[in-house]
Amino acid sequence: MDNHTRKLLGLTDKHLFFDEEWLIEKEYKGVQAQFIKGRLDDSPSHCEHCGSIRIIRNGSYTTRTQMLKVKEKLTILELKRTRFLCHDCGRTFSAKTDLV
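Position 53 of the sequence shown, counting from 1, maps to 53 under full-length UniProt numbering, and the rest follow consecutively.
In short, the hints are calculated from the structure, not lab data. Being a predicted model, the structure only gives us computed values, none of them experimental. Just to be clear, a hint being listed does not mean it is correct.
[Stated by the list, open to error] Cut-off 27 Å, straight-line C-alpha distance, at most; resulting in silico cross-link-like pairs (DSSO-like, lysine-lysine):
id : residue 1 : residue 2
1  : K73       : K26
2  : K26       : K7
3  : K71       : K14
4  : K69       : K7
5  : K37       : K96
6  : K29       : K71
7  : K80       : K29
8  : K69       : K80
9  : K26       : K69
10 : K7        : K73
11 : K73       : K29
12 : K80       : K14
13 : K80       : K37
14 : K73       : K37
15 : K96       : K14
16 : K69       : K37
17 : K80       : K7
18 : K26       : K80
19 : K37       : K7
20 : K69       : K96
21 : K7        : K71
22 : K29       : K69
23 : K29       : K14
24 : K26       : K37
25 : K71       : K37
26 : K69       : K14
27 : K37       : K14
28 : K7        : K96
29 : K71       : K26
[What the hints assert, rightly or not] Label-pair distances were calculated between CB atoms; the ranges are:
id : residue 1 : residue 2 : range
30 : H15       : G51       : 29 to 39 Å
31 : D13       : V70       : 15 to 25 Å
32 : L74       : D13       : 20 to 30 Å
33 : H49       : D98       : 14 to 24 Å
34 : T12       : N58       : 20 to 30 Å
35 : S52       : E25       : 42 to 52 Å
36 : K7        : K96       : 31 to 41 Å
From the three backbone atoms N, C-alpha and C, an ideal C-beta is built for every residue, glycine too.
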């Protein structure tokens, strides 16, 4: 995805990454929809719960966020987010973005 398309869609976070095939059209809940597939890959410096710097990557999960329609079609932002585990408090948290 080029920078102009990112600005147009409002996806300007520097931690968002998109593959070559970032736009997929498929049926979703009985309606034709456009899926924008990406990855949110942020590396926080500390635990958001206790402030410890002893954190590790702990897998990932996918979120779906409905965006404004594009070309009168339902548009879904599908992001794979990194999950982190804190060694001190044992809690998990995920990569964050202000955009969604």
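Structure-based check of all given hints:
{"no.": "1", "hint": "K73 - K26", "in the structure": "holds (11 Å)"}
{"no.": "2", "hint": "K26 - K7", "in the structure": "holds (24 Å)"}
{"no.": "3", "hint": "K71 - K14", "in the structure": "holds (26 Å)"}
{"no.": "4", "hint": "K69 - K7", "in the structure": "holds (16 Å)"}
{"no.": "5", "hint": "K37 - K96", "in the structure": "holds (16 Å)"}
{"no.": "6", "hint": "K29 - K71", "in the structure": "holds (18 Å)"}
{"no.": "7", "hint": "K80 - K29", "in the structure": "holds (20 Å)"}
{"no.": "8", "hint": "K69 - K80", "in the structure": "holds (21 Å)"}
{"no.": "9", "hint": "K26 - K69", "in the structure": "holds (15 Å)"}
{"no.": "10", "hint": "K7 - K73", "in the structure": "holds (19 Å)"}
{"no.": "11", "hint": "K73 - K29", "in the structure": "holds (13 Å)"}
{"no.": "12", "hint": "K80 - K14", "in the structure": "holds (15 Å)"}
{"no.": "13", "hint": "K80 - K37", "in the structure": "holds (8 Å)"}
{"no.": "14", "hint": "K73 - K37", "in the structure": "holds (16 Å)"}
{"no.": "15", "hint": "K96 - K14", "in the structure": "holds (12 Å)"}
{"no.": "16", "hint": "K69 - K37", "in the structure": "holds (16 Å)"}
{"no.": "17", "hint": "K80 - K7", "in the structure": "holds (20 Å)"}
{"no.": "18", "hint": "K26 - K80", "in the structure": "holds (18 Å)"}
{"no.": "19", "hint": "K37 - K7", "in the structure": "holds (16 Å)"}
{"no.": "20", "hint": "K69 - K96", "in the structure": "holds (23 Å)"}
{"no.": "21", "hint": "K7 - K71", "in the structure": "holds (17 Å)"}
{"no.": "22", "hint": "K29 - K69", "in the structure": "holds (16 Å)"}
{"no.": "23", "hint": "K29 - K14", "in the structure": "violated (31 Å)"}
{"no.": "24", "hint": "K26 - K37", "in the structure": "holds (12 Å)"}
{"no.": "25", "hint": "K71 - K37", "in the structure": "holds (17 Å)"}
{"no.": "26", "hint": "K69 - K14", "in the structure": "holds (23 Å)"}
{"no.": "27", "hint": "K37 - K14", "in the structure": "holds (15 Å)"}
{"no.": "28", "hint": "K7 - K96", "in the structure": "holds (19 Å)"}
{"no.": "29", "hint": "K71 - K26", "in the structure": "holds (15 Å)"}
{"no.": "30", "hint": "H15 - G51: 29 to 39 Å", "in the structure": "violated (21 Å)"}
{"no.": "31", "hint": "D13 - V70: 15 to 25 Å", "in the structure": "holds (19 Å)"}
{"no.": "32", "hint": "L74 - D13: 20 to 30 Å", "in the structure": "holds (22 Å)"}
{"no.": "33", "hint": "H49 - D98: 14 to 24 Å", "in the structure": "holds (19 Å)"}
{"no.": "34", "hint": "T12 - N58: 20 to 30 Å", "in the structure": "holds (27 Å)"}
{"no.": "35", "hint": "S52 - E25: 42 to 52 Å", "in the structure": "holds (43 Å)"}
{"no.": "36", "hint": "K7 - K96: 31 to 41 Å", "in the structure": "violated (21 Å)"}
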